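K.L.:
Single-letter residue listing:
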Amino acid sequence: MAGITPSKHHETPFKRNWLVTALWVLVAVYLVYSFQAMGVSWTRFSEGLGHAGQLFERMFPPNFSRWELLLSGLAESLEIAIIASVSGIVLSLFFGLFAARNLMPDWVTVPMRGFIALCRTFHPVIIAILFVKSVGFGALAGILTLVVASIGFIAKLFAEAIEEISLKQVEAIRATGAGFVSLILFSVMPQVFSRFIGFSTYQLDSNLRNSTMVGIVGAGGLGGTLFSAFQRFDYDFVAAILITIIALIMFGEFLSNIVRRIFR
Amino acid sequence: MTTMHSHWQRFTLKQKLSRYSVYIVLLVALIQSIRTVEVIPEFFYDAPEQMADMFTRMWPIDFAFYSVSVHDAMIETLNIATLGTLVTLIFAIPLALMNANNVVASPISHWIARFFLVSSRSVNSLVWALLFVAIFGPGVMAGVLAIAFRSVGFVGKLLAEAIEEINMGPIEALRATGASWASVLLKGYWPQILPAFFSIVLFRWDINVRESAVLGLVGAGGIGVVLNNAMNLFEWQRVAMALLAIFAVVILAEIIVVQIRKKLI
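First to last, the protein sequences are chains A and B. Numbering-wise (UniProt numbering), the first sequence opens with residue 1 and increments by one. Numbering-wise (UniProt numbering), the second sequence opens with residue 1 and increments by one.
Certain hints may be false.
[Said to hold, decoys possible] Below, in silico cross-link-like pairs of lysine-lysine (DSS-like), each with a Cα-Cα straight-line distance of 27 Å or less:
| id | chain 1 | residue 1 | chain 2 | residue 2 |
| --- | --- | --- | --- | --- |
| 1 | B | Lys262 | A | Lys156 |
| 2 | A | Lys156 | A | Lys168 |
| 3 | A | Lys156 | B | Lys263 |
| 4 | B | Lys187 | B | Lys262 |
| 5 | B | Lys187 | B | Lys263 |
Derived from the structure by calculation, the hints contain no laboratory data. Fair warning: this is a prediction, and the values are worked out from it, not measured in the lab.
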């Protein structure tokens, strides 16, 4: 290894990934196309920025003088979130169990999985619209919406968690002559309980967020208050509502962290 | 348990107490909510009948309506979702870099980044859309910005987590050669987070397709506008067509994302 002669063929250590490069070109072409197709232009954007300044000027200081209205909306949002979460989680427990392929026969799991997937496909707002049309304005539509949304999300996760359990313990309990209910309670539940708590707190959190939004289409809660404030150009009240929503969501995150720590 | 001789217990007293207090608080909250919530029971009993009525009005689906306005609106929705996802990156990448403690070590920058990421996630996309409709007027622009601002929190957080998980060896090696700040980012960090980056972006795009379908309800463009108009005119057969189109596109987007992610990872 005396004289190391550098090879004439100089190779860069950083190889170009042609797939990624092609992707960037595609993105650039798409950007040009979409800006033209949708009529998004710089003048409109800069014009909007002026409006934004005006809007923020009118938003500050936030107006909390109608705190009673704010509080009643907040209470309704909380009520919707709590009722929907509890009933959604209880229903999801059963649905998740029926959708678990290692415990149930195919003729139960296949329709169950289809139903859960259907609950998940539509955005909560669309479900909320349908419920508002069928059960009228108010909290009931909001509750039903969030129940459907909860089933779509956590029933699937429940089913997946149950499918991952060790069947040895199930067999052991079955060997004692336990019935189906005891089998679920003493062999399946202990294995998945802490994960269920995790999913449930997550869902409570997400229901809390969504309960402030379904009101926009008339399904009760703080969203309705927000939407009407927007329509009345009551921007200082809008700012107050937004601050309340953000505080509520941060409080919800804080609470679910505590619950998760307790059940770890 | 008490009849047993050995006093083996799964949880300590403190654990038990805290668990039971969670149950009790939840129960009290539930009872209080049920007592105070304003639900008209007649509406609830009536619901199945009303639902059935609504679905019979939706049948047969007005397929001719697809070429009239659903198609263009659907393309617009997809554009809003895609453009919104791209615009998000402009904000999300710097915030993710600021939030990752192996890139910037100062706690102040973490706090700033976290503040933006959390407030982006706390405000729902519909509320963002309301704000941007008030600023830019109804239309596609409000939709794109609503999607973008809503996604920043999600993309930024996941991207920061991906950056924190990388192997620091190449970074150190690059620094040792005296590489500039920009080349360390581009040649050290970037290649390592590339798969995670694309998978996060695709995942968010999938969510954004769902979200952009409803933004039109508050006037931010896309299929939601068509849906809203048809609903206000009680043209249920057209509503059904719009819903069917949304359903198909959402499923299609999910299939595409799953396929690409499979190839990527």
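K.L.:
For a C-alpha distance cap of 27 Å, please report whether A:Lys156 and A:Lys168 respect it.
P.N.:
holds (23 Å)
K.L.:
Hey, B:Lys187 versus B:Lys263, does the alpha-carbon distance stay inside 27 Å?
P.N.:
Holds, because 23 Å separates the two Cα atoms, which is no more than 27 Å.
K.L.:
Can the restraint linking B:Lys262 and A:Lys156 be considered satisfied, given a maximum Cα separation of 27 Å?
P.N.:
Holds, at roughly 21 Å.
K.L.:
Do the alpha carbons of B:Lys187 and B:Lys262 lie within 27 Å of each other, as the hint requires?
P.N.:
holds (25 Å)
K.L.:
Hey, A:Lys156 versus B:Lys263, does the alpha-carbon distance stay inside 27 Å?
P.N.:
holds (24 Å)
Checked against the numbered hints given earlier, this structure breaks none of them.
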